[in-house]
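Taken in order, these protein sequences are the chains called A and B.
Using this note's numbering, read the first sequence as starting at 1 and increasing by one per residue.
Using this note's numbering, read the second sequence as starting at 1 and increasing by one per residue.
Distance ranges between label pairs, derived from CB positions:
(1) A:PRO200 - B:ALA71: 18 to 26 Å
(2) A:VAL259 - B:LYS219: 52 to 60 Å
(3) B:GLN280 - A:ASP242: 42 to 50 Å
(4) B:ARG281 - A:ALA208: 45 to 53 Å
(5) B:GLU17 - A:ASN22: 29 to 37 Å
(6) B:ASN19 - A:GLY181: 29 to 37 Å
Read the hints as simulated data drawn from the structure, not as lab findings.
All C-beta atoms in this analysis are idealised placements derived from N, C-alpha and C, irrespective of residue type, glycine included.
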Amino acid sequence: MNIVVCVKQIPDPAEPGALDPNTKTLKRDGKLILDESDSYGVEMALQLADAAGGGEVTLVSMAPNSETSGLRTALAMGAAKSVLVSDPALSGTDALGTAKILAAAIKRVEGADLILTATESSDGYTGTVPEQIAELLGLPSITFAKSIAIDGGTVKVQRQTEAGYDECEAPLPAVVSVTAGVVEPRYPSFKGIMAAKSKPVDEVDCAALGIDPGSVGWAGGGQEIVTVEAAPAREAGEVVEDDGTGFEKIVAFLDNLKVI
Amino acid sequence: MLGATPEAYDPDLMIVELNDEQLALRTVVHDFCEAEIAPHAEAWDRDHTFPADTVRAMGELGLFGIPFPEAYGGGGADLTTLCVALEELAKYDQSMAMTVEAGVGLGANPIFHFGTEEQRQQWLPDLCAGRTLGGFGLTEPDAGSDAGGTRTRAVLDEAAGEWVINGEKAFITNSGTELTSIVTITAVTGEAGGGRPEISAIVVPAGTPGFDVARPYRKMGWHASDTHGLAFTDCRVPEANLLGARGKGFAQFLAILDEGRVAIAAVALGVIECCLAECQRYANERMAFGRPIGANQAVAFKVADMAVMAECARGLVYGAARLRDAGRPFKKEAAIAKLYATEAAVTATREATQVFGGYGYIDETLVSRQYRDAKILEIGEGTSEIQRLVISRELGLPVT
Chain A
1 MNIVVCVKQI PDPAEPGALD PNTKTLKRDG KLILDESDSY GVEMALQLAD AAGGGEVTLV
61 SMAPNSETSG LRTALAMGAA KSVLVSDPAL SGTDALGTAK ILAAAIKRVE GADLILTATE
121 SSDGYTGTVP EQIAELLGLP SITFAKSIAI DGGTVKVQRQ TEAGYDECEA PLPAVVSVTA
181 GVVEPRYPSF KGIMAAKSKP VDEVDCAALG IDPGSVGWAG GGQEIVTVEA APAREAGEVV
241 EDDGTGFEKI VAFLDNLKVI
Chain B
1 MLGATPEAYD PDLMIVELND EQLALRTVVH DFCEAEIAPH AEAWDRDHTF PADTVRAMGE
61 LGLFGIPFPE AYGGGGADLT TLCVALEELA KYDQSMAMTV EAGVGLGANP IFHFGTEEQR
121 QQWLPDLCAG RTLGGFGLTE PDAGSDAGGT RTRAVLDEAA GEWVINGEKA FITNSGTELT
181 SIVTITAVTG EAGGGRPEIS AIVVPAGTPG FDVARPYRKM GWHASDTHGL AFTDCRVPEA
241 NLLGARGKGF AQFLAILDEG RVAIAAVALG VIECCLAECQ RYANERMAFG RPIGANQAVA
301 FKVADMAVMA ECARGLVYGA ARLRDAGRPF KKEAAIAKLY ATEAAVTATR EATQVFGGYG
361 YIDETLVSRQ YRDAKILEIG EGTSEIQRLV ISRELGLPVT
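Generate the whole structure from the sequences, applying the supplied hints.
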């Protein structure tokens, strides 16, 4: 069972982030770490490969500046190897461009039975890349997996919904996005950290993937960030004094929200 | 006039810079502490609980095997790397830091350094993986820093091929947990000549008949660390459990003591850093007379002093560890690091408690626990007085 996990390296959320005033995007020149939301996919992949009695977990990632420290974390957890797409031309790439790059990188991994992703990244948060990858690769896609099992050539997924979950299945290979509830990620062990040092990271640029640099990055973007504004402060709630009819007001309030 | 520059002060070795793996380990230990230790440490302290499952989880992280070769299931790293892990653990809980420190330094290290290949194969893989814990029984009710005053005796029953051990040990860390597999003890095995006792080290497996573990001590601090008195009554272990050469038990212990001193100093460093971080936060948050208490020099300067202590301790700890890892002499540097860092840790915790005022005296406040826990750092694995003696001797002073 060979599994590809798409992972993103993001600025450490614990450090105060900053926007580049020119590009209006997040500054990414400092140290990047593995997006926590991707650690669930890595863990799920390791467990599925283990349950299948073998196979490799391969990471696929994209970063403008050859950054690997986040990849090393996932390699320390137990992934076998990584493909890193790194090219100055990638700066400013939008969601669809990212999906094109990742889909091309996934094709470099031979014999991938399953492709896992997070539902969205913790910094960009578009939540559209997994389905775009599936479309570009011509593969079935299941989103918001809270549980994944492999049954022969089929992936069976419990798909999280607001009310509960749907049971879905698709023939392999398929693209599945996983929620934070799917599994509890392990801590990388010290041995894992030491082993990760020598695990292969196949670094490629756009040319190696056969992608025209003009079709990605700022040049190829189908969107433009016009302005970035602070989110409006939350408005104060309404205070209602109970004059004996408080319950009616609560019922009316909830009724208005259509929750009862 | 001052003579040549001492060789130990090679400027290249004085720069403390962690490599990528050490930084990655620090991140993992930090995340582990945040999720698995910080939420429970106060309850462990309150209930005097030794959290065996958390200790096993630290084993799965590989913390107990860091400085040992991969052939025995270790991490193949060094003392510097161990210090990185201990420093981070101690920021959250000295008891867990000490469980690792003692497990590595006192449990596994003597087996690694002095064990036969067979003894290493028998005990090290489980000790390195944290599946089991080892202790070292040197101190006795009437012999502490004066370890040469050991009363515990081991007599070889040649017919049976067994050592017969009688005596008592005191304050032995990791000696009575559900994970404990062995306690290596020192015992008098004969006379060395000139009326001096011949002291040897012998490995006693947990559960051996005649090896009794007393109920845990009621301690001022380190409540989640396991410490017992041990009693040996006609306790028989195989002759092959002699560790190292007969009559070398005390010398062997002294030989590995220096590494333990650096490790304890790393724990103290984490304690100082904890006080600094907690006080930085609290001095900015806590209001008195309409402004944060950190606006008062009396408070701010205490915090500034903690930053000075942390920087000094860091330099000493990693300076000594680097010397050891480079295969250079480091006895004096280890003693200096242990002496300074542990005394600074007691000062920092006392002052942090003062910064926190009334809350600082409440058991569940982190700096309060650190204060209670810190005092033993000046006592265990060589008291401050012994460190001063070691340093004085290394300086060539005719001190006795």
